[in-house]
Amino acid sequence: MSDYILDVTDVDKNFGGLRALSDINLRVKEGTVHAIIGPNGAGKSTLLNVIVGRLAPNRGRVLLGNEVLTGKHPYEINQLGVARVFQTPEIFPDLSLLQNVMVPALAKRDGEFNMSFLKSLFSEREIRAEAEHMLEDVGLIEHKEHLAGSMSRGDKRRLELAMCLSQRPKLFLLDEPTAGMSRHDTNRTIDLLKRIKERGMTKVIIEHDMHVVFSLADRISVLAQGAIIAEGTPEEVRNNPKVKEAYLGGETV
Amino acid sequence: MSNTQIVSPKQDLIYMVVLSVVVLTMPIWLQPFGAAYPDLMQKFMIFGIFAIGYNVLFGLTGYLSFGHAAFLGVGSYTAVWSFKLLSMNVLPAMIFAVALSGLFALLIGYVSLRRSGIYFSILTLAFAQMSYNLAYSVLTPITNGETGLQLTQGDARVLDRMAGIEASAALPTPNLFGIEGIGYSGFYICAVLLIISFFIYLRIFRSAFGLKLRAIKSNQNRMGYTGYNTRPYLMTAFVISGMYAGLAGSLLAVTDPLAGAERMQWTASGEVVLITILGGAGTLIGPLLGAGIIKYFENIFSAFNDQVLQNAFSFLPDWLGHAVASVAGLFVGDGWHLTLGLVFMLIVIFLPGGVMEGITRLWRLVRSRTTSFDGNKKEQQPSTREV
Chain A
0 MSDYILDVTD VDKNFGGLRA LSDINLRVKE GTVHAIIGPN GAGKSTLLNV IVGRLAPNRG
60 RVLLGNEVLT GKHPYEINQL GVARVFQTPE IFPDLSLLQN VMVPALAKRD GEFNMSFLKS
120 LFSEREIRAE AEHMLEDVGL IEHKEHLAGS MSRGDKRRLE LAMCLSQRPK LFLLDEPTAG
180 MSRHDTNRTI DLLKRIKERG MTKVIIEHDM HVVFSLADRI SVLAQGAIIA EGTPEEVRNN
240 PKVKEAYLGG ETV
Chain B
0 MSNTQIVSPK QDLIYMVVLS VVVLTMPIWL QPFGAAYPDL MQKFMIFGIF AIGYNVLFGL
60 TGYLSFGHAA FLGVGSYTAV WSFKLLSMNV LPAMIFAVAL SGLFALLIGY VSLRRSGIYF
120 SILTLAFAQM SYNLAYSVLT PITNGETGLQ LTQGDARVLD RMAGIEASAA LPTPNLFGIE
180 GIGYSGFYIC AVLLIISFFI YLRIFRSAFG LKLRAIKSNQ NRMGYTGYNT RPYLMTAFVI
240 SGMYAGLAGS LLAVTDPLAG AERMQWTASG EVVLITILGG AGTLIGPLLG AGIIKYFENI
300 FSAFNDQVLQ NAFSFLPDWL GHAVASVAGL FVGDGWHLTL GLVFMLIVIF LPGGVMEGIT
360 RLWRLVRSRT TSFDGNKKEQ QPSTREV
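As you go down the protein sequences, you meet chains A and B in turn. Numbering-wise (numbering that gives the first Met the number 0), the first sequence opens with residue 0 and increments by one. Numbering-wise (numbering that gives the first Met the number 0), the second sequence opens with residue 0 and increments by one.
None of these hints come from the bench; they were simulated from the model.
Calculated lysine to aspartate or glutamate pairs in the EDC-like style (CA-CA distance at most 16 angstroms, straight line):
#	chain 1	residue 1	chain 2	residue 2
1	A	Lys118	B	Asp11
2	A	Lys196	A	Asp136
3	A	Lys143	A	Glu131
4	A	Lys28	A	Glu230
5	A	Lys169	A	Asp6
6	B	Lys216	A	Glu89
Only part of the chain B face toward chain A is listed, based on derived beta-carbon distances under 8 angstroms:
#	residue
7	Arg205
8	Ser206
9	Tyr224
10	Tyr227
11	Thr235
Pairwise CB distance ranges, derived in the manner of DEER restraints:
#	chain 1	residue 1	chain 2	residue 2	range
12	B	Pro8	A	Arg237	56 to 62 angstroms
13	A	Lys118	B	Ile194	20 to 26 angstroms
14	A	Gly70	B	Val347	40 to 46 angstroms
All figures in this text were calculated on a predicted structure; none of them were measured in a lab. Don't be surprised by glycine CBs; every beta carbon is placed ideally from N, CA and C.
Put together the whole structure using the sequences plus the hints.
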C-alpha cells in the first residue's frame, strides 16, 4: 500500500443520468510518471477533478499515501501535497510573475490561513529567493516584474508549472500541459518535466500529444467512455489491440 | 512604487514622512483653496480613514460592499454612548467604537461572505438597510430614533465624575485628556489618527497577507488549488475595514457629539464606494485623494446659491445672465450631486483606475518625454499600476 502514492479505488461519478466515470481503479507508484490518455469526453479531466476535490465521487475513494482525500476541500488536498496545472492556465493575471510564484510558496509555509501582516514582502527573502529560483527553472526570470496577464499562453503555462513546483508537491497533476503550444515550446516543456522527474516527483499527466506521452510516461492508463480499458507500460499500451481500436483508431503511434 | 513591485521599507518610510508632512501642514497649504478651516479638514481626515479601510476590502479583495455605512453608524452610536455613560474623553469612545463595529462586521461578514459578486453586495446592502431601519424604529431606546442620540446635562459620565469634573451649565465637549475635539486641536487629533491608520494600512498592503488578498481578487479559484482557505482571509479583510469605518464613525461623533440613523443609510454606503472608485480602488493613496476631492467639492459647490451665481454672471446682459445662472444653478447648491454624478461618469468612462490612473498616465508621459530628450529610451514595462 505504501508503495503507491496515489490510490484511486472503485470511483464512480455521475452527472445526472450520465455516467462520467465508472469503476475507476488507478494506482500510481511514488516517483513515477503516469499518463492518462483517451479520446475527448472519456472522463480524464473529471477524474482529475475528483482527485483534487473539485468534484465529489458518487462512490469510491481516493488516497494520497495513507491519507483519505475524498470529501476534503481542494485547499486541504493541496496542503497535503497535491498540486495541479489546468487545461487553461489558472494564474493571477493582476500580479507580477514573481508574486505569482510567491503566493503558492507562501501557502506551503503559512498553511491555509495566516493573517500576520507585520512582515513586509520585501523582508520575505527566503520566499522571494525560492520564487526566483523557480522562475529561473522555467526560463521566465527575466520577466519577473512583468504582469502575468500580459504574458503569452505558453509563458502562462510555464508560469503555472513554476507556481506548482514551488510547493514541491508529493503528487503533481498536469492537465494537458502542452495543449496549444508550438513544437518548440512543447519540447522545452518536455525537457522541463523530465528534469523534475529526476527529482523524484510523482506526476499524473493527461495528454493528447503522443510524442509527449511516450517520451515521459512510465505507465499509461487508457480511458474510454468513463472506464479504464487498458493499463501498462508504453510498450504494452502501444501494442494493445483494444486500445488501437477504441482510441487510436488505426493511427500509428 | 507600483503594486507589482516589491517595495523596500526605506521607500515606505519616505512615503510615510511625506504623507505626514502633507497632512499636518494642511492648515497652511489649503489656505489658497479656501478649505483651511478645521471642520472641513476634519472631514477630510475622517472620510480618508473610512475610505482607506474600505479599500482594504474592496481594493484588495475586490469584494464590493454596499453596507459599510452600518459600521460608521455603529461607531458613532457607540462613541456617543461612551460620552454619555463613561467620559467625554475620546480614547475610550474610539476603543469601544472600533471593537463594537469589528464585532458587528464579524456578524455581517459571516453571513454575507457566503456569497460573492453581486450577491455579496446585495447582502451587505440588505444588512445595512436593516440596521438603518432598526435604528429608526425598534432600537429607539438605544438610538433615540429620529431625533438622534445626543448628550444631555443628566448623563452619568461615571469616569468624569470620579475624576472630579463637575457638570457645568454648558454641554461638555469631547476631548483627548484636555485637548479639545473641535477646532484646530480636533483636526490634529484626527490627522494623527489618519497617519496611524495609514501606517497600519500600508503594512497590510506590503505584507504577505496583503498579497494573498490581492491574489484572491485576481483569481479566487486558483487560491483554492493553491492551498488557501479564502473565507477567513475575506473575513479578516471585512472585519478590518469594518473597524476602520467604526473609527471614522466615532470621530464623526467627536467633531459633533450627535449620532443619527441617516448615517447608516445606503447613500452613505454609496458615498464611500464613490470615494474609493473616484480616487482609484486598490491603489494606496487613491482613496485619500477621493475623500479629499469629494468632501472639498461638496463644500464648495453646495455653498453656492443663486445670489452668488447672479453676481458671477453679472457681466453678461441681464436676460442672458439670468438664463446662464438658472442653468448653472442646477449644478450647485443642493444640486451639487449632479456635478458629482457627471464627474464620476467621466472618471469611470475615461479613467477606470480613478484619479490615480490619471496621475500615473501624466507621470509616464512626462517621464517618456524627458528620457527621449536624453536620447536613451528606457523600455516601458507593460501596464504595472502605480500606487
